[in-house]
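Colleague: Sequence:
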Amino acid sequence: MPKHSRRTTMEQLEEQLNTTKKLWWLHDSYWHAAVVRELGEEKANELNLEAAERFFRRYTLMLLKNKDIQKPTCIEDLVDIFKLVWKRCFFDDMYINEPITIEGNEATWTGRQCHAFTSLSSAKMTNGYACGCQSIRNGVMKALKLKTVHSIEKSLVAGDDECVIKFSYIPK
1 MPKHSRRTTM EQLEEQLNTT KKLWWLHDSY WHAAVVRELG EEKANELNLE AAERFFRRYT
61 LMLLKNKDIQ KPTCIEDLVD IFKLVWKRCF FDDMYINEPI TIEGNEATWT GRQCHAFTSL
121 SSAKMTNGYA CGCQSIRNGV MKALKLKTVH SIEKSLVAGD DECVIKFSYI PK
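For the sequence shown, my numbering begins at 1 and goes up steadily by one.
Hints are computed from structural coordinates only; laboratory data are not their basis. This structure is a prediction, so every number in the text was calculated from the model and none was measured. Be careful, since some hints might not be right.
To be verified - Below, a list of computed lysine-lysine pairs in the DSSO-like style, where the Cα atoms sit at most 27 Å apart:
id, residue 1, residue 2
1, K166, K142
2, K43, K154
3, K124, K142
4, K21, K65
5, K43, K65
6, K147, K65
7, K172, K142
8, K71, K145
9, K166, K154
10, K71, K124
11, K43, K67
12, K145, K87
13, K22, K154
14, K65, K154
15, K43, K172
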């Protein structure tokens, strides 16, 4: 197969995967809206956070088992793991190119783009929504046997102009 055709095929596969990720997250949005309607906001948030944490814990364990990642030994390793998880689980390189600063054992991620926030805003569902980012970090950090030390300093969902998340590398 000519080199150009292979590249085109790879680009097509990447585009198809990106579309599949978009559709999965759209499903997630519809699911959350349906649970809010049927069971109320509090229960929907509880179930959403639980499911996200379990998924990302299991996904991280799978990455470890497949040797796609190794247990981190420092904050830089943890940042690299989060970047890999984001790259594989989210579409349009969400979170990947946003700045992350590291000081000592703590990283600070600053984000100005969030597809979940955009979807929630257009559906007028941001009020009372519990951001799932905390569950993503909980799941990843628990799988890696790290203390779940992180905080949401600013949040688009809370009305801020950006998200600012701090997380630490602290082994159990």
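Colleague: Determine for every hint whether it applies to the structure shown.
Modeller: Verification of the supplied hints:
1. K166 x K142: Cα-Cα ~16 Å, so holds.
2. K43 x K154: Distance of about 24 Å is within 27 Å: holds.
3. K124 x K142: violated, 32 Å
4. K21 x K65: holds, 23 Å
5. K43 x K65: Since the Cα atoms of K43 and K65 sit roughly 33 Å apart, the hinted pair is violated (cutoff 27 Å).
6. K147 x K65: holds, 21 Å
7. K172 x K142: Holds, at about 9 Å.
8. K71 x K145: holds, 9 Å
9. K166 x K154: holds, 10 Å
10. K71 x K124: Violated, at roughly 40 Å.
11. K43 x K67: It is violated: about 36 Å lies between the C-alpha atoms, which goes past 27 Å.
12. K145 x K87: Holds, because 22 Å separates the two Cα atoms, which is no more than 27 Å.
13. K22 x K154: Within the cut-off at roughly 25 Å; holds.
14. K65 x K154: Judged against 27 Å, a Cα distance of about 34 Å means the pair is violated.
15. K43 x K172: Answer violated: K43 to K172 is near 30 Å, above 27 Å.
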